[in-house]
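**Q** First to last, the sequence lines map onto chains A and B. Sequential numbering of the first sequence, starting at 350, is according to our numbering. Sequential numbering of the second sequence, starting at 350, is according to our numbering.
Bear in mind the hints are in silico, worked out from the structure with no lab data behind them. Misleading hints may appear alongside valid ones.
Copies of the same chain are indistinguishable here, so a pair counts whether it falls within one copy or spans any two.
Distance condition first, Cα-Cα at most 16 Å in a straight line; then the derived EDC-like pairs of lysine to aspartate or glutamate [unchecked claim]:
#1 Lys430 x Glu473
#2 Lys356 x Glu528
#3 Lys455 x Glu516
#4 Lys526 x Glu503
#5 Lys455 x Asp374
#6 Lys527 x Glu499
#7 Lys427 x Glu439
#8 Lys394 x Glu426
#9 Lys496 x Asp443
#10 Lys356 x Asp436
#11 Lys496 x Glu481
#12 Lys468 x Glu499
#13 Lys356 x Glu461
#14 Lys435 x Asp399
As the structure is a prediction and not an experimental result, all values here were calculated from the model.
There are 2 protein chains.
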Amino acid sequence: MDTNQEKILEKAQERVIETLARNMDLYGITMSTGLLYGTLLFQDKSMTLDEMGEALGMSKTSMSTGVRTLMDLNMVEKIWKKGTRKDHYEVNLDWYQNFIDLFSVKWRHACEHNVHALKKSLQELRTLQQTEELTEEISERVDLSIKRIENGLEYYLWLSRLIDSFESHDIFQFVPKKENES
Amino acid sequence: MDTNQEKILEKAQERVIETLARNMDLYGITMSTGLLYGTLLFQDKSMTLDEMGEALGMSKTSMSTGVRTLMDLNMVEKIWKKGTRKDHYEVNLDWYQNFIDLFSVKWRHACEHNVHALKKSLQELRTLQQTEELTEEISERVDLSIKRIENGLEYYLWLSRLIDSFESHDIFQFVPKKENES
DNA sequence: AAGTACGTAAAGTTTTTTCTGAACGCTGAA
DNA sequence: TTCAGCGTTCAGAAAAAACTTTACGTACTT
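Please model the complete structure; the sequences and the hints are all you need to start from.
**A** Here it is, written out as structure tokens:
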């Protein structure tokens, strides 16, 4: 039964697609966009926006925004096809790199913002602590705040180094891509 | 000016609180819950739900759910105070551990789900491939799907090992907590 | 046992996000 | 130049999430 075989195949694909999509909120990706990614994943050809809309039963507009989200994370690439005016897209199959790009894009960004705010406030508080005569009560609160901020700063500097090790791929020295590899 | 000093202090705190909160969507944490975390961070005493609601100008119910979210991620702990019937909460100050717990709770969970789905579909497809007579067209699609799934599986097993290295704290051998530490 | 204080569940409201359909601008073809 | 096909912007509709109010169950107090 040809149809039966196809059903098995598609069911197997759909399970994967749906599961992956459901867990992609960790990447800040919405479920529908996750489904789009999954759909592209099992395509041996690149897809156009119309084909995606067809496959998911959604509007072309949604496909456009979804595909852009995925491109921002380097999970999908635009492909040049001569002879057609439509844009073609296909998945970037290097999941390791996807993971790394995610961290680069999102976590690095947050990390920098946080470090900046922490440093700025830390400096203000240190100045306050040194230049002004503080009541004991205020002084204690300032001290505590400084301690908390220094504590957080230390962590974010660590996180930054961790992200460095992802970006440089040094992490693979520590956690190799394949388990039993020399 | 006592009031002026307090203003400087509070502004410094608020900058940190707001920045941290804003970037906590990476942890799957809503901004208000992030603000709650930040508020607790600069408290040298534990807080009750009522105090939190007071501090943030929000309902006690919201504080209840917010604090639960933070507890699920081990970012906040419930403290026993004798003499009062109210629950008291305070932040867990070990940010490294917070980060690790986040990965344990969320990423590990997603990882396991995905591995499970990938393995199940992989097995189905391998069975299909071996036991049935397939048309060439179907056979190719099955082969491609298997390749994609194996590829993803390899990545998730790596991710799983990465998370292991967080949970076991081995990661700190590779990326030390403090930069210039022997 | 009755009353009070507390945390949380449930239902409803408001706000935010996601999705769609229409309209626009651009590019290549006739 | 005009027209058709494409991706995207924009405004509005639908769906989801966050927040609040009300109500409930439990545990301590009297």
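**Q** Which numbered hints does this structure break?
**A** As far as the earlier hints go, 1, 2, 10, 11 and 13 are violated by this structure, in ascending order.
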